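Take the given structure of chain W and dock chain B to it, following the hints.
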Amino acid sequence: MISLIIFYIISALVLIGSAGVIFSRNIVYASFSLLLALLGTAGIFVLLLAEFLAIVQILIYGGAVVTVILFALMLTKIDDFRSLSNINYWPISAFLTLLALIVLIIGIYQTKIDTQNLGLVKFSKFSNDLFEYWGIPFEIASLVLLVALIGAIVILKDRGNDS
Amino acid sequence: MIDLIHIQILSAIMFCIGVYGVMTRRSAILILMCIELMLNAVNINFIGFAAFRDFSESQRIFGHVIVVFIITIAAVELALAIAIILRLYKNKSSVNIDEVDLMKW
Chain W
240 MISLIIFYII
250 SALVLIGSAG
260 VIFSRNIVYA
270 SFSLLLALLG
280 TAGIFVLLLA
290 EFLAIVQILI
300 YGGAVVTVIL
310 FALMLTKIDD
320 FRSLSNINYW
330 PISAFLTLLA
340 LIVLIIGIYQ
350 TKIDTQNLGL
360 VKFSKFSNDL
370 FEYWGIPFEI
380 ASLVLLVALI
390 GAIVILKDRG
400 NDS
Chain B
-13 MIDLIHIQIL
-3 SAIMFCIGVY
7 GVMTRRSAIL
17 ILMCIELMLN
27 AVNINFIGFA
37 AFRDFSESQR
47 IFGHVIVVFI
57 ITIAAVELAL
67 AIAIILRLYK
77 NKSSVNIDEV
87 DLMKW
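From first to last, the protein sequence lines are chains W and B.
Numbering-wise (my numbering), the first sequence opens with residue 240 and increments by one.
Numbering-wise (my numbering), the second sequence opens with residue -13 and increments by one.
I should point out that these hints are in silico values taken from the structure, not numbers from a laboratory.
Here the structure is a predicted model, which is why all the values come from computation and not from measurement.
We treat Cβ as the ideally placed atom computed from N, Cα and C, and that holds for glycine.
It is possible that part of the hints are untrue.
Stated by the list, open to error - Short, incomplete list of chain W residues facing chain B, as computed with Cβ under 8 Å:
| id | residue |
| --- | --- |
| 1 | S242 |
| 2 | V253 |
| 3 | L254 |
| 4 | V260 |
| 5 | I308 |
| 6 | T315 |
| 7 | L343 |
| 8 | I344 |
| 9 | N356 |
| 10 | F365 |
Isolated chain B (complex conformation):
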């Protein structure tokens, strides 16, 4: 039988993989993909808590509703970030984040 702890550990490992990717990758698109991984780990955690019977009905529905909102915000963030990346590529012809120092003093 699936236990809550399996899902929590899977979610923790996936989240840490995303954090490592954000810290080590240079390309902005890959950083975006790693952020998507982290959001998905959070989604797995919410659904895991919402799936078991020993929480109340409204708590479990809250888990499902918050996952809908997270997916919406992830789509918004992806659209805006890709617009910014394409604009950056037009201006600097590079998407490596260590070459973007326009607003550094």
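Just chain W, with the same shape it has in the complex:
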């Protein structure tokens, strides 16, 4: 019972943060709302007994992603940032999004599963599986990280007389 109350509080925080990202006029406030939503997601992970992924979420999203976004905001000047009401096709977008949400919720209720109790995934089993059965995809993911690092440097490098 108490976990349900905590779940409602944390999901309210997550939804407030998400709404702040799309409705805020100030782009810095929007990035801090994104931080709120991501940390709330970490709280939901803790509530669902996935502590390792909660820690990873706080480290990568709360630490790295929001910092990188704030650096990008500092390096670009967005004084002609237009608010939401200036986009003249927003009712169409809202209608389409509501339609998708209704379809999703109907689908969720149609395929409802009566669940049992929450259970812990043992961390030793998770790590064994990650490095044995999923070993090659894990290495490919690290290769993708390396390629992205080199690609970001190549994109941002000044090409001398070229430009």
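Chain B in isolation, oriented as in the chain W frame:
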């Protein structure tokens, strides 16, 4: 007790907020933030399915592993997208996506 359906509905609402943001925002950085929101909604859904006892052990471990991969790909996508945005700002001094029509014919 938390049920699976609560988590699914939270994830659906968060995903639709992200979709709405992608469709209505003009600044490329805000679109990037909305994409992060959508990826997080998917993560919540995977962890929700992995948390309950009525799936088999390997299915639940699969949920956790795929969340690790999603976080990795999200970080990669963010790094590359911010590099492209900064390059765009150097060339056009604007990050509004409706002013980027270099490759339109």
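Results of checking the hints against the structure:
1. A cut of 8 Å between beta carbons decides the hint on S242 of chain W: the least distance to chain B is about 6 Å, and the hint holds.
2. This hint holds: V253 of chain W has a C-beta 7 Å from the nearest C-beta of chain B, less than the 8 Å allowed.
3. A hinted interface residue such as L254 of chain W counts as satisfied when its beta carbon comes closer than 8 Å to some beta carbon of chain B; here the least separation is about 6 Å, so the hint holds.
4. Because the smallest distance between the Cβ of V260 of chain W and any Cβ of chain B comes to about 5 Å, under 8 Å, the interface hint for this residue holds.
5. For I308 of chain W, the shortest C-beta to C-beta distance to chain B is roughly 6 Å, which falls under 8 Å, so the interface hint holds.
6. Of the supplied interface hints, the one on T315 of chain W holds, with its beta-carbon coming within about 5 Å of a beta-carbon of chain B, less than 8 Å.
7. With a cut of 8 Å, the hint placing L343 of chain W at the interface with chain B holds, because the nearest CB-to-CB distance is about 4 Å.
8. Among the interface hints, the one on I344 of chain W holds; its C-beta lies about 6 Å from the nearest C-beta in chain B, closer than the 8 Å criterion.
9. For N356 of chain W, the interface hint holds, since its Cβ comes within 8 Å of a Cβ in chain B; the closest pair sits about 6 Å apart.
10. The beta carbon of F365 of chain W is positioned within 8 Å of a beta carbon in chain B (closest approach about 5 Å), and the interface hint is therefore held.
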